[in-house]
Structure formats: C-alpha cells, structure tokens
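> Spelled out from the first residue to the last, the chains are:
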Amino acid sequence: MLPPDKEVFRDPRTASRVIAGEAVVLTPRDGRILTLNETGTRIWELLADGPTIAEIASVLVQEFEIEADRARQDVAAFIDHLLCREIATLERPRDDDDE
Amino acid sequence: MSDSHGDEAPTPLLARIRRKAAQQCVPLHAMIELTHRCNLSCRHCYVVPKSDGNELSLDDIRRILDQLADAGCLFLILSGGEPLLREDFLPIAAYARQKGFAFVLFTNGTRVTADLAAALFDLCVRRVEISLLGGKPETHDAITGVAGSFREAIKGAELLLARSIAVQLKTTWMRPNIEEAPLLESLAREMGAQFRSGHALVPRWDNRPVPADLQVTRSQLTAHVRRQLGGGPYPEPAAVPKERRKDIIPCGAGRTSCVVDAHGRLLPCVVLRTPVGDLRKGSFQDIWQSSPELKHLRSIRLADLPDCSGCNLFTRCSRCAGIARLETGSLLNPSRQACNLARLVANECMQWVAPRCPV
Numbered sequence: 025m026l027p028p029d030k031e032v033f034r035d036p037r038t039a040s041r042v043i044a045g046e047a048v049v050l051t052p053r054d055g056r057i058l059t060l061n062e063t064g065t066r067i068w069e070l071l072a073d074g075p076t077i078a079e080i081a082s083v084l085v086q087e088f089e090i091e092a093d094r095a096r097q098d099v100a101a102f103i104d105h106l107l108c109r110e111i112a113t114l115e116r117p118r119d120d121d122d123e
Numbered sequence: 403m404s405d406s407h408g409d410e411a412p413t414p415l416l417a418r419i420r421r422k423a424a425q426q427c428v429p430l431h432a433m434i435e436l437t438h439r440c441n442l443s444c445r446h447c448y449v450v451p452k453s454d455g456n457e458l459s460l461d462d463i464r465r466i467l468d469q470l471a472d473a474g475c476l477f478l479i480l481s482g483g484e485p486l487l488r489e490d491f492l493p494i495a496a497y498a499r500q501k502g503f504a505f506v507l508f509t510n511g512t513r514v515t516a517d518l519a520a521a522l523f524d525l526c527v528r529r530v531e532i533s534l535l536g537g538k539p540e541t542h543d544a545i546t547g548v549a550g551s552f553r554e555a556i557k558g559a560e561l562l563l564a565r566s567i568a569v570q571l572k573t574t575w576m577r578p579n580i581e582e583a584p585l586l587e588s589l590a591r592e593m594g595a596q597f598r599s600g601h602a603l604v605p606r607w608d609n610r611p612v613p614a615d616l617q618v619t620r621s622q623l624t625a626h627v628r629r630q631l632g633g634g635p636y637p638e639p640a641a642v643p644k645e646r647r648k649d650i651i652p653c654g655a656g657r658t659s660c661v662v663d664a665h666g667r668l669l670p671c672v673v674l675r676t677p678v679g680d681l682r683k684g685s686f687q688d689i690w691q692s693s694p695e696l697k698h699l700r701s702i703r704l705a706d707l708p709d710c711s712g713c714n715l716f717t718r719c720s721r722c723a724g725i726a727r728l729e730t731g732s733l734l735n736p737s738r739q740a741c742n743l744a745r746l747v748a749n750e751c752m753q754w755v756a757p758r759c760p761v
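Protein chains in written order, with this note's numbering: chain A, 25 to 123; chain B, 403 to 761.
Treat the hints as calculated values from the structure; they're not laboratory data.
Nothing here was measured: the structure is a model prediction, and the numbers come from that model.
Do not rely on the hints blindly, as some may be mistaken.
Unchecked claim - One-sided and incomplete, this derived list gives chain B residues near chain A with beta-carbon spacing under 7 angstroms:
(1) Leu415
(2) Ala423
(3) Leu476
(4) Phe503
Glycine included, C-beta positions come from ideal geometry on N, C-alpha and C.
My request is simple: use the sequences and hints to build the entire structure.
Right, dumping it as structure tokens:
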C-alpha cells in the first residue's frame, strides 16, 4: 500500500474536466473515458496540487465524515487504481517553465 | 468508476455526459480554426482563404483555451484551413495538452512529418483526421487542385500510424468520388485507420454555391445507399414516443458545442457562421451566457420544427440546422439534403413510406 506521505499528481498526459460535479477523465494512450463518483471527483480535484495520501484522506474525513483509518486505506486503494490506469503519477510533473 | 472506450462515438457513457452538459449548457465540444489559409484548393471547400494577417496570436489562443477549459470544454478540435501551416502549431497543441483538453487534429495530411508525428504522440493527441477525397490519387488530386496531394496525405497518415496514433480518414461524398467508396474503405482498413464519410456539401462563406458537377446524382446516391445497407435486413431505428419527441433538442450548436474562428469570433458551429461575439474583446463566459443568439438557438426544440416534428423519417434523418438555414433561410425548416437522403434510405429499406416528408 502507498505510504501516507507519498505525493500524488495527475498524469500530465491526461485529459479531464469536471462537468456538472462529475470528473470525466480520459486515459492517455487508449482514450478510454472514465467518470468518477462524488468522492473520486473530489480526490481528482485535489490531485491538481499534488497532495499526499494523508492530506487527501484528511480532506475526505472533514468533508465526507469518514473515519480516518478507513479514509487512508480507501484513498490509497483508489490512487492505486488511478496509477494502474496511468491517469495519476507519483512523479512531480515537469513544469514547462523549468526548461 | 465507470468507463467507455473509443472516440466521440455515442457510447452510453458519453451520451450521459452529453446529456448533463446539455442540461447545463456546458460547451463540452469546441473547435478552433487556427487559420483559414490552406495549401490545397479543394473544389468543394466552404472556407474562403484569407491572408490578412489578422489571425489569432499564440497568446490569444492560450487565453481562449484558458477560458474554454474554465467553461468545461473537454473535447477540442484544432482545425483550419490547414492548421499545420501555423508555425506555432506545436506550442498551441502543447498548451491544449497542458490545459487538459482531449484534442483532435483536422488536417489534409500533407504537412505531417516524422518529427510532428513524434511530437503528437508525446502530446497524446486523441486522433488525427485526414481528408481523403478519393480512393485513387487522380480523383483526390483533381478535387484538391494539387498534384501529389494524395500521396502526401497517405504518407502523413502512415507516419502517424507508425507512432500508433489513431488516424481517421474522412471524405465528403461528391460526384467524382462516391463510386470509390469501396476503395477508400479498403484503403483505410489496410492501413489500420478508421474511416468516416459524410454527404453534406456546404456552400462557401462568400455564398458561391457548391459547383454543380460535384453534386452526386440520384443514381449514384441510390447505388451508394444500397451498398451501405448491404442488402439488409436493416435494423429499424428505435422508436421515440411522440410525447418525448417534442422536447428533443435537434442540434447541440451553441449549447454543448461551439467554434472559434481564426479571427477570434465565437460561432455556434462551422455552418452557422454568424458571430455571437468577439473573443478578442469579450470573455467566452460572458458571451456564452448572455448572447441572445445563443439563447434563441438553445430554445429550439423538435416541436418548433413544423415539418420535421411530425415526419416519419425523423429517426433516419441527419438534418443539420445550419444547412437547413443556408438552403431555406430558416433554422426551423427541413433540409433538402437530409430529406433526400433519409427518404432514399427509408425507401430502400422498404419499411417506411414518407407521407409527410416535406420535400
């Protein structure tokens, strides 16, 4: 399982938009369209800033009244799922301004 | 998490997303015409090329992409003219990627290089659509007016396919090419490309009509439809209850889709070219929310179309509101092109008669 201090980012190759409260995400290579439920959409929004697993779980505890341990486990499992689909990454995306 | 594979074909998941977007007038789909210039001179093309130096700058385009993203646009088409004539095409595409668009490139394929294909692969372009106007080089080149353009388009497609980029060859059926449909389809299949085609010939922006010798003949169209139907049986389209039909939104232009032309004018679609605002002067969101023209477009329901709303051919019809207006002057009238095609298909299927077909 991913450690709580691990930072997670959206994969920069991913196309996505939150439409009427629902995240619509396209996988980079095969163009598969995914939609995320309310909690998944909130996590997706948070990933724009590269939070840690613990930080995401903390937000979910506050906003969705989930117990802390359960939140950390669920977030880690969900992030694993996003990593498998290559729509999230553990590598900080290179900023174009870094060039 | 639910998912759906493939392009913008109407999968159930995408249909649901589109319904949500339609309910809230989210511009899910947008096209940016990066230039109206082109290196080909296709006889049927509706674009009137201009080299007036008034094209959107890279900064303009970045700002417009920012605003489209904020408004909820996800599917973006980079089009033209020939968009690859812009020297800053790759920075534009890179910015579209950075802003999270699923972007598609419309091109004639002649300017595709190995380096461009590599860059597009890195940018995860969703699809590249290449116009191919004949199954034979001489047919394509006669329509484009440029010798060798067929060979260059095929070469461009091959360079993209070699990078595993999804390529869609597409054509508009005209008198010189409609009989080459089997050739075009097999060419695409053998290359590993997708293929799509359409019948709509759109008059040029300067109101010059489509040349008469490009219009398909009745016998050509009949033979083409018969071939497409493959001798049947042809599935009967799903019936739509009358009480639901009246509320159907007949066109998403200005509701879930829009076009930005090369000068920054916001248009409902590529055919409805009356600008509803100038994105160099105003913000997308202001125009999108307050334009009276867009509000009028969004108010139209199938029940408002006096002839079409009761037509038995409704479920077989691919009517375009923009073409209907060009043909008749009204957004609410039937489109002769669509009526002819729908009636032909229905007659060939021998399932329907067209007692109320108005044309």
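> Determine for every hint whether it applies to the structure shown.
Going through the hints against the structure:
no.	hint	verdict
1	Leu415	holds (6 angstroms)
2	Ala423	holds (6 angstroms)
3	Leu476	holds (4 angstroms)
4	Phe503	holds (6 angstroms)
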